[in-house]
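Protein chains: 2
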Amino acid sequence: MENGKKPRVVIIGAGFGGLTAAQTLRRAPVDVTIIDRTNYHLFQPLLYQVAIAGISPADIAAPIRSILSKQKNVTVLLAEAKGIDRDARKVQTTSGELAYDYLILAVGGQTSYFGHGEWEKNAPGLKNLDDAVEIRRRVLLAFERAERESDAERRRRLMTFVVVGGGPTGVEIAGAIAELAKWVLARDFRKIRPESTEIVLLEGGDRILPSFDPSLSASAERQLGELGVRVRTLAQVTGIDELGVHLGDEILPAGTVIWGAGVAAAPLTALLGTPVDRAGRVLVEPDLTLPGDPRVFAIGDMACFTHQTGKPLPGVSPVAMQMGRTAAMNIVRSIEQQPLLKFSYVDKGSMATIGRSRAIAEIGKLKLSGFAAWMAWLLVHIFFLIGFRNRAVVMFNWAWSYFTYQRGARLIR
Amino acid sequence: MENGKKPRVVIIGAGFGGLTAAQTLRRAPVDVTIIDRTNYHLFQPLLYQVAIAGISPADIAAPIRSILSKQKNVTVLLAEAKGIDRDARKVQTTSGELAYDYLILAVGGQTSYFGHGEWEKNAPGLKNLDDAVEIRRRVLLAFERAERESDAERRRRLMTFVVVGGGPTGVEIAGAIAELAKWVLARDFRKIRPESTEIVLLEGGDRILPSFDPSLSASAERQLGELGVRVRTLAQVTGIDELGVHLGDEILPAGTVIWGAGVAAAPLTALLGTPVDRAGRVLVEPDLTLPGDPRVFAIGDMACFTHQTGKPLPGVSPVAMQMGRTAAMNIVRSIEQQPLLKFSYVDKGSMATIGRSRAIAEIGKLKLSGFAAWMAWLLVHIFFLIGFRNRAVVMFNWAWSYFTYQRGARLIR
Chain A
1 MENGKKPRVV IIGAGFGGLT AAQTLRRAPV DVTIIDRTNY HLFQPLLYQV AIAGISPADI
61 AAPIRSILSK QKNVTVLLAE AKGIDRDARK VQTTSGELAY DYLILAVGGQ TSYFGHGEWE
121 KNAPGLKNLD DAVEIRRRVL LAFERAERES DAERRRRLMT FVVVGGGPTG VEIAGAIAEL
181 AKWVLARDFR KIRPESTEIV LLEGGDRILP SFDPSLSASA ERQLGELGVR VRTLAQVTGI
241 DELGVHLGDE ILPAGTVIWG AGVAAAPLTA LLGTPVDRAG RVLVEPDLTL PGDPRVFAIG
301 DMACFTHQTG KPLPGVSPVA MQMGRTAAMN IVRSIEQQPL LKFSYVDKGS MATIGRSRAI
361 AEIGKLKLSG FAAWMAWLLV HIFFLIGFRN RAVVMFNWAW SYFTYQRGAR LIR
Chain B
1001 MENGKKPRVV IIGAGFGGLT AAQTLRRAPV DVTIIDRTNY HLFQPLLYQV AIAGISPADI
1061 AAPIRSILSK QKNVTVLLAE AKGIDRDARK VQTTSGELAY DYLILAVGGQ TSYFGHGEWE
1121 KNAPGLKNLD DAVEIRRRVL LAFERAERES DAERRRRLMT FVVVGGGPTG VEIAGAIAEL
1181 AKWVLARDFR KIRPESTEIV LLEGGDRILP SFDPSLSASA ERQLGELGVR VRTLAQVTGI
1241 DELGVHLGDE ILPAGTVIWG AGVAAAPLTA LLGTPVDRAG RVLVEPDLTL PGDPRVFAIG
1301 DMACFTHQTG KPLPGVSPVA MQMGRTAAMN IVRSIEQQPL LKFSYVDKGS MATIGRSRAI
1361 AEIGKLKLSG FAAWMAWLLV HIFFLIGFRN RAVVMFNWAW SYFTYQRGAR LIR
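Heads up: the sequence lines are chains A and B, in that order. Its first residue numbered 1, the first sequence is counted upward by one per residue in this note's numbering. Its first residue numbered 1001, the second sequence is counted upward by one per residue in this note's numbering.
Any given hint might turn out to be false.
[Stated by the list, open to error] Quick list of in silico lysine to any residue cross-link-like pairs, SDA-like style, CA-CA up to 20 Å:
| no. | chain 1 | residue 1 | chain 2 | residue 2 |
| --- | --- | --- | --- | --- |
| 1 | A | K191 | B | K1070 |
| 2 | A | K70 | B | G1096 |
| 3 | B | K1367 | B | P1210 |
| 4 | B | K1070 | A | K70 |
| 5 | B | K1082 | A | K191 |
| 6 | A | K70 | B | D1188 |
| 7 | B | K1082 | A | E144 |
[What the hints assert, rightly or not] Covered by chain A, according to a simulated footprint, are these stretches of chain B (three or more residues, beta-carbon under 8 Å):
| no. | stretch |
| --- | --- |
| 8 | 1045–1059 |
| 9 | 1139–1150 |
By construction, these hints were calculated from the structure, which means they are not laboratory data. The beta carbon of each residue, even a glycine, is placed where N, CA and C say it ideally should be.
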């Protein structure tokens, strides 16, 4: 911009939103720098598969440099944003300062314990690869410990798994643990019977998967029941410790608790000095800019966009990708001094998987459950996996475990 | 044994030796317990591929329980041996005591710095999956740091990799880093040129791969040279720190140093109260028992067997597997009160890989190098990978990276 140089666009975060924004700017007359704390783009919808040892971390993570290696106007930097000086138009990072003409914030979300950070130790969340590997370790270790435990009550506690939160993540994890225990681990142990594993899914509201049609929530609960997962709705968690989960006066003894309940915006949002909602998400204008700052855009899980339905849009990858596209297009329009576009989310449907041949899907007025929904889920997820190699490896692994009931990535590390 | 029960065989370690022993006892009238610190059997010959991001940890690790799930006389226990009471015939483990009638020790080896433990921090070795993931992290981070380094000298240091030790492991790592830099990373960076990476392989003796015929050592050095790896023989390392590698008064500046030089027996051997060699390996009788203790066998990398050639057998998987078979057969013969067999190693040849289409192999009098040796190496290694799934996934990954020069597992974690 200054000295006739190309405008500098800085994108913070290479998740679905940031990456789509960078790719949308492919032919734009700008210099793009995209920074991320990790060197890979994570295909988060399959993170639960890593957590239950279905696939390896590398199967759902593609190096950001590789994805963007042919796009000449992008520089990739492995760094973490530490602060933003919007007056000076500079981002402070762990590897120096970056000046910007336009800034896209796409830092995503993190697990939230609703003010109960002390629950984290006994109930890890599932937001990144480290979380997934930690949950995999805990789940597999619980069976190993149960195998050598002689006390019946303690063995039973070790073999009880509680998943907190009846959204898509909680449902996926609960169903996947049930399948891991019943099909995969069942033949490998001598003393314990993995098929007698207890899995409880806790939901605070009156039905699981509340963003879907009630008939699909009921179907999901039925399908989980067939796998042996007990669903408890209206369950208010009041504590989580070594003994298990506290629901008021009741204690649910559990050796492994997984937190799938709360998500909040990443801490960077608090440093922006702009209004946020209860979950810490930045309130954005209809064109995705921050209020009063037409050079800074916020997209994805860290943005609270209420202009379409009056309610915030859900924190799912299609929203982030569509926002990334609009933010990138608005930067080009701003350079060309055209009016900015208003963002509008096109909902192509949503789905949740429950297990082998089990899922629900809602696409406009179409409601699917069971095998048809699962096939739809499988195709969409494999199709969107970034990079052909991963797609083929994951498909191969799944076909393999589907037909043999084997699992590939059962490492305790 | 007592009370008419079946004799109890305890195997410590589920590497190539321990696993083969357990499988050899498949139909024997014994109760086998195999314990290991990890829940997986590691295909160690491909560990260097994890270290340079070619394949994922799970591709070379198969759950011990799965491998042995159909063998009804085996119990698998995730535990670490802490001590052995040979008078009382008991093994102390992290999960309680185990009584044995026969004991097979197969705990393997660990990296040795020849009394210079302080070198480890700046020069990790490569013996287990954690090592491999750590080396992968360092190698990939070195390029990321070089990309954002403005000082030319520091950038050059970051892009210099030194591998200490000209045995098969050192040769494999040096060749693999060269290929990673020149083919895989070359297109992904904007500022640095990964093809200008400097890789130095240091060997204390007068030629690399000294266990092979001199003509093959020369061929290997030539093949490494084609990849841009500089080989320095008669190089005596006197220190390793943040600056690089010290060779007497000379300092070789290096951002990343990898230790492929020394291996010693695992510390458990020191607790046995039986003679050991300089590398801490237990001296065994011709029938693989400990001197004076016909119920305890030691096999694989922790055993020093000199009765065949006068020199200790090499620490390679075929030796460990053949020893495992003999130890198991000797237990059966001892139960049947037959004389024990003397171990005799059948050398089927050895090979070392250098890179894509580059290797050396020595099979009896046959000497191969280049593409033919590499094909032989590939077939043998894929064939012996335990478990079909891994075999297929690894073959797929290799075919993919062979034809596309892409790498799959480039995660910095």
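Status of the hints after comparison with the structure:
Taking the CA atoms of A/K191 and B/K1070, the gap is about 14 Å. The hint holds against a cut of 20 Å. About 57 Å separates the Cα atoms of A/K70 and B/G1096, which puts this hinted pair outside 20 Å; it is violated. Using a Cα cut-off of 20 Å, the hinted pair B/K1367 and B/P1210 holds, with the two alpha carbons roughly 15 Å apart. Of the pairs offered as hints, the one joining B/K1070 and A/K70 is violated, with about 49 Å between alpha carbons and a cut-off of 20 Å exceeded.
Annotation: proposed proximity of B/K1082 to A/K191 is violated, straight-line Cα distance about 24 Å (limit 20 Å). Distance hint between A/K70 and B/D1188 is fulfilled; the C-alpha atoms sit about 8 Å from each other, no more than 20 Å. The hinted pair formed by B/K1082 and A/E144 meets the criterion: a straight-line CA distance of about 19 Å does not exceed 20 Å. Remark: the stretch 1045–1059 of chain B is confirmed as covered by chain A, as 4 of its residues place a Cβ nearer than 8 Å to a Cβ of that chain, reaching the required three.
Under a criterion of three residues with beta carbons nearer than 8 Å to beta carbons of chain A, the stated coverage of the stretch 1139–1150 of chain B is upheld, 5 such residues being counted.
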